[in-house]
Amino acid sequence: MWKFTVRRLLITTPQIILLSAIVFILAKMMPGDALTGLIDPTLSQERIAEMREKLGLNNPWYIQYRDWLAGVVQGDFGQSFKYQMPVTELIWQRVINTFWLSLVSTIMIYAIGLPLGIVSGRYNDRLIDQLITGYTYLGFATPVFIFGLVALWIFGFMLGWFPTGGSVEPGLEPGTFEYILSKLHHLLLPSLSIALIGTVGTVQYLRSEIIDTKQRDFIITARAKGAPERRVYNRHIFRNSILPIAAFFGYEIINLINGSIFIEQIFSYPGMGNLFIESIMLRDYSVVTALVLLSGILAILGALLSDIILSVVDPRIRIK
Amino acid sequence: MTLLKVNDLKVHFPIRGGILNRKIDAIRAVDGVNFEIRQGETYGLVGESGSGKTTTGKAVMGLNNITDGEIYFENELLNKGSKVNIRRDIQMIFQDPYSSLNPRKRVFDIIAEPIRNYEKLSKQEEKRRVQELLSQVGLSPESILKYPHEFSGGQRQRIGVARAIALKPKLIIMDEPVSALDVSVQAQVLNFMQELQEELNLTYLFISHDLGVVKHMCDRIGIMYNGRYVEEGTKEEIFNDPQHIYTKRLVAAIPDIDPKRRQDNFKFREQVKDEFTNSYNDYFDEDGLAYQLKPITDTHRVALPERG
Amino acid sequence: MSQKQTQGDIEKAVKEQQEEKQEQKSPSGFRIFWREILKDKLALVSLIFFVLITVVVFGASEILDKAEVTRVDPFNIYQPPSDEFLLGTDQGGRDIFGQLMIGTRNSLAIGFLVTLLSGIIGVVFGVVSGYFGGHIDNALMRVVDFFMVLPFIMLVIVFVAIVPKYSIWTFSLIMTAFLWMGIARLIRSKALQEKELDYAQASRTLGSSHTKIIFKQVLPNITSLIVVTMTLNLAANIGIESGLSFLGFGFPKDTPSLGTLLSYTTNPITLEERWWIWLPAAVLILLLMLSVRNVGEALKRAADARQRRA
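Chains as they are written, first to last, in my numbering: chain A, 737 to 1056; chain B, 167 to 474; chain C, 192 to 501.
In short, the hints are calculated from the structure, not lab data.
Possibly wrong hints are sitting among the right ones.
Unchecked claim - Subject to a maximum C-alpha distance of 27 Å in a straight line, what follows is the list of computed DSS-like cross-link-like pairs (lysine-lysine):
id, chain 1, residue 1, chain 2, residue 2
1, B, K401, B, K171
2, B, K312, C, K403
3, C, K407, B, K312
4, B, K293, C, K403
5, C, K381, B, K334
Take these sequences, add in the hints, and give me the full structure.
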């Protein structure tokens, strides 16, 4: 197990370095100065040239790369040109918002997925299973942004049950009960949209896993020993099927990031994804660079986490 | 005349481990094997599973890289370092007639594959050749557009034979060619292969674990154990005068269909078994490997320790 | 009576044998696929629907004048559906129905293109990796792993934003660059199994080169998997493209796609009150994805069933 972990870590390091290199190259391809955000791309040519020289942007690439990396490691992503504030500061608030969105979504994904998957697997081919399977079938074919859009239209605009934008009612005192309640209210519809689409994979996996486990010899043995049906399911089948699902959480991070870009855009929720699209539109490239790098590292670490948990849960999974 | 000469052949597979996945040890699948096959004979390679007989066959064929040694065919060196050349003069018949024929290909394409690789024939000639080959192995030439799954195991093995003889090879390596077949079909296929040998003047390297089949087919026999030879000799020498304790035990294990001799056979086997356990250390070294071969007669070689 | 019966049986057997003689040529793999689709009613309906939509939108786009459809008409802004404008008009007074036709065609075209390109790259990558195994496989799979964890939507958007001469082709290439890994992985694990089978080794002994074995021996055994995966990918790619266009980072501005129509909902009033602008596009995306998936799933079942029989 530790051997696997070390080996897996050895793969992670070059992954992160490669990611940073790609982000660096992309940043260099962007107009203006995407790494520090101190040059306005609309300035005159001479002025830009002057600034470039001053900021060390005419240094050889490896020195620039080293300087940039050194800054990033210390949490310095440069300056947001549009907001005229440090990128780190700007991102921080948005990251927290996205964190809450992802957290609530994740809780909902499991809160919806586990019971549906278990019921579907246990009573497979009965009516209830057919209904659930129908839902997963539709869910698989529905892009999350269309679902979010329709949900916002019906529940936000037509029925008026949920707010249609923002992360909290303006004018509320942070920390009060109303404030938290309003935050949750704003979170509910977007995270439900992510969860209802995002959970279908969990449901399907759990269903097939349970159906598979049901026919294994050790379950038949447990039944033959006279264990009551409830015990067979609780002690033997679920424990075998649920553990891998818990481990998939890390792989889900990339999906959460992708999903939040769409959902935050639709619900005008002030998170990372929303900021990303906004910054790209405003050509605020230092923010873009920071967000891409951050998301990439999160996704890499998520996969690392999942791989390690999985190797503990299931010793058959090993990379060579 | 010597057709194939294998000189100190070694095939080792690396065992990887540790954090960096380096080679930490090796499985010595074939560990210093020498033998010669003469033109026109059938040479049997016998051993239990894991003894290295199939690996030896595949190495000669060029399907495995070799670690050390030389392979000569018609006095020509086949291997450059670890790479063994694939020759059209050497062909192979595989153990499993189900997986050795591509399930997505029609019989025509399967048998025509070697012809297309080495000869430029027109579509018409090609088709005629394939039909000839099919009737040569006793299958209906009309079935060239069928798929392999439409044939029985024995028929499939005949398709494999047709494919192997398409290039008129000199040596055919047969890796347990009948062990996947029903017993009733085995003899049929074996006899057919003997007829084919006469007809096409073929040389066989016959790999098997089944001594009964080997006795039926082979002129000379080599016995392998744990990657090494323990004994080699003519069929008579191996079956009538086995010298090595491992060979003795193998020969003793051949079933006898005469029920009257059941008691005797049983006693004999027990006796050999005792001898095997008692004198195991005389015949194998500390690692459980066989010693170097020592000639007893011109044709008979046995792996015995120096002290004799 | 029994004699009569026996005679009948013999006649029947003889007849059967004769029929068999004539039927020496066995059906090919694709024929079997086709038969399975015909048996599956839902898949058949989906296939007909998809083909119909494809034919209609490609046909309509030929007839419709693109300049006419995208011409701004300030006197007809935000018209609800009427006889003149079948699905109303948008903020520029442009006909939604026309945009829907051209948009669907564009979405489908790029869906096909990206699926094909990523499919080719993925298959070649996967089959090479699986067939050769060992160090090659190890190295190639690390590349796949790396691409898999990249924040793909973000990177595509960045590329779209900074690529200088942006066109439909560059867009397809950018999408392809991040969409070939899934199929590569699947094909690789299948190729890994296939090359262990004796027929691949037999081909070596018969003098076939590695390239020949990969493409002529191994690949035909993977085609069903490729067809199934590519079909399912087509559905996914239509969704991804419309999502990117929805965010404004898909098709170039002057080329409408299904996602472009949805992107009009950035104006909340459009989302709330002018359903005719975006809802048809949303429904069409859903139906297209669903129908393609149905076909894909049916093919998958067919492939599985065939595997079980073989």
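Structure-inconsistent hints, enumerated in ascending order: 5
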